[in-house]
Amino acid sequence: MHNPERVFEDRTPGVEEHEPTASYLSYSVGLGLAIIATIASFIVAQTNLLWAPGIPVGLIVLALAQIGVHLVFFLHLGSGPDSTNNILALAFGVLIVFLVIAGSVWIIANLNNNLMPMPQ
Amino acid sequence: MTIATTRNRTLTAVPAELVHGRGGGGPAPKRIVVAYGFWIFILSDMVMFSALFAAYAVLSGNNAGGPTAPELFNLRNVFISTMCLLLSSYTCGIGVLSAERGQPALLEVFAVFTFALGAVFLFIEATEFVGMVTKGAGPWRSAFLSSFFTLVGTHGVHVASGLVALVYLMAQVRAHGLRPAVLRRLLCWSLFWHALDIVWVGVFTLVYLMGAY
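Residue numbers (numbering that gives the first Met the number 0), protein chains in the order written: chain P, 0 to 119; chain F, 0 to 212.
If we strip away everything but chain P, and leave its shape as in the complex, we get (with noise of 0.2 Å):
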């Protein structure tokens, strides 16, 4: 079905394939958005555009975005099969920051609520 010669390309370890992992075109093309993002954050922290108690979310989105122009643009995290195990890695460490994050947050925002009010 598959000629085995074409399928398996015998490589020693070690060997060192010379295949462009980006260009200076990406990463410019990550710049920018990653300081349109730092722009907006700073706008939208200093001004009234949003709606007050929408700033921290408004805040939020842009952090997570400017994150995503980082590890696609700078760290070439992608689609391919050599960012495969990457990906995998990263979604575990995700898991973790939010759970130490959020599980933090949550506990210690119950043990407040809980807590006798202090004498002043």
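Derived by calculation from the structure, the hints in this document are not laboratory data. Possibly wrong hints are sitting among the right ones.
Stated by the list, open to error - To be clear about the criterion: a stretch of chain P counts as covered by chain F if any three or more of its residues have a C-beta under 8 Å from a C-beta of chain F, and this derived list gives those stretches:
(1) 28-34
(2) 45-59
(3) 67-74
(4) 79-87
(5) 93-102
Unchecked claim - In silico contact screen, one side only, chain P against chain F (beta carbon under 8 Å); selected entries:
(6) F41
(7) W105
(8) N109
(9) N113
(10) M115
(11) P116
What the hints assert, rightly or not - Listed next, with one range per pair, are the computed distances between beta-carbon atoms:
(12) F:G152 with P:A90: 24 to 32 Å
(13) P:S78 with F:A63: 48 to 56 Å
(14) P:S27 with F:E107: 17 to 25 Å
(15) P:Y23 with F:G135: 44 to 52 Å
(16) P:P116 with F:V163: 20 to 28 Å
(17) F:K134 with P:Y23: 41 to 49 Å
Every residue, glycine too, gets a C-beta built ideally from N, C-alpha and C.
Given chain P's structure and the hints, the job is docking chain F onto it.
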């Protein structure tokens, strides 16, 4: 270019489980394996930062009657240092790209830019810390300030060690040229530097912008 076309042909010719990087096509190049190992280290560093972020998120309201975030933070300086770090991330990526294309002179130029921008970032941060401490807003003043100095200070220490590593790596480039081993170290260093910029996105959003608006 030719490698890319060969690879595309291989990709279409084989079933998914035999594709290179998913178990087929022989071992992955060392560059990929080394970068993966370093990526795991970076993620463990992120987990450590997440604990510091969690501490700051929990403690940021506990001023103990001391100075609050809007009184202490100067957003213009934060914006300048953010831009410095972002541009240094860019010059670092371009520099490593030049190195991969076998242009050590370009790498040196961009490494100098990267170092200078990182140093400006650290200088702005150090000035901010000194100013806060002389105003009596040191890490001992309140839980908010303890967690602030721990989080931002740990990031600063990472940037400083990155600058030391950059000097060390450039000395290696001078001494050995762009050997594959040196190139892999440069690649890992650029991953570290980009990751620090990602942590900084979290810092300026959570600490400075949310604290000061």
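Between Y23 (chain P) and G135 (chain F), is the Cβ distance one that fits in 44 to 52 Å? holds, 48 Å
Are 3 or more residues of the segment 45-59 of chain P near chain F, judged by a Cβ distance of less than 8 Å? holds (count 5)
Once the shortest beta carbon distance from F41 (chain P) to chain F is found, is it less than 8 Å? holds, 6 Å
Tell me whether the statement that chain F covers the segment 67-74 of chain P is true, taking a Cβ distance below 8 Å and needing three residues at minimum. This one holds; 4 residues, not fewer than the three required, reach chain F with a Cβ under 8 Å.
Does M115 (chain P) pass the interface hint, meaning its C-beta sits closer than 8 Å to a C-beta of chain F? violated, 17 Å
Just tell me: holds or violated, for the beta carbon distance of G152 (chain F) and A90 (chain P) against 24 to 32 Å? At 29 Å between Cβs, range holds.
Against chain F, with CB atoms and a cut of 8 Å, does the hint on N113 (chain P) hold up? violated, 15 Å
How does the coverage statement for the segment 93-102 of chain P fare against chain F, requiring three or more residues with Cβ below 8 Å from a Cβ of that chain? holds (count 5)
Against chain F, does the segment 28-34 of chain P show at least 3 residues with beta-carbon separation below 8 Å? holds (count 4)
Coverage criterion applied to the segment 79-87 of chain P (partner chain F; beta-carbon cut 8 Å; 3 residues): holds (count 6)
Min Cβ distance, P116 (chain P) to chain F: is it shorter than 8 Å? violated, 16 Å
The hint names N109 (chain P) as touching chain F; please verify it with the least Cβ-Cβ distance against 8 Å. Since chain F brings no Cβ nearer than about 11 Å to N109 (chain P), farther than 8 Å, the hint is violated.
Comparing the model with each earlier hint shows violations of hints 7, 8, 9, 10, 11, 16; every other hint is respected.
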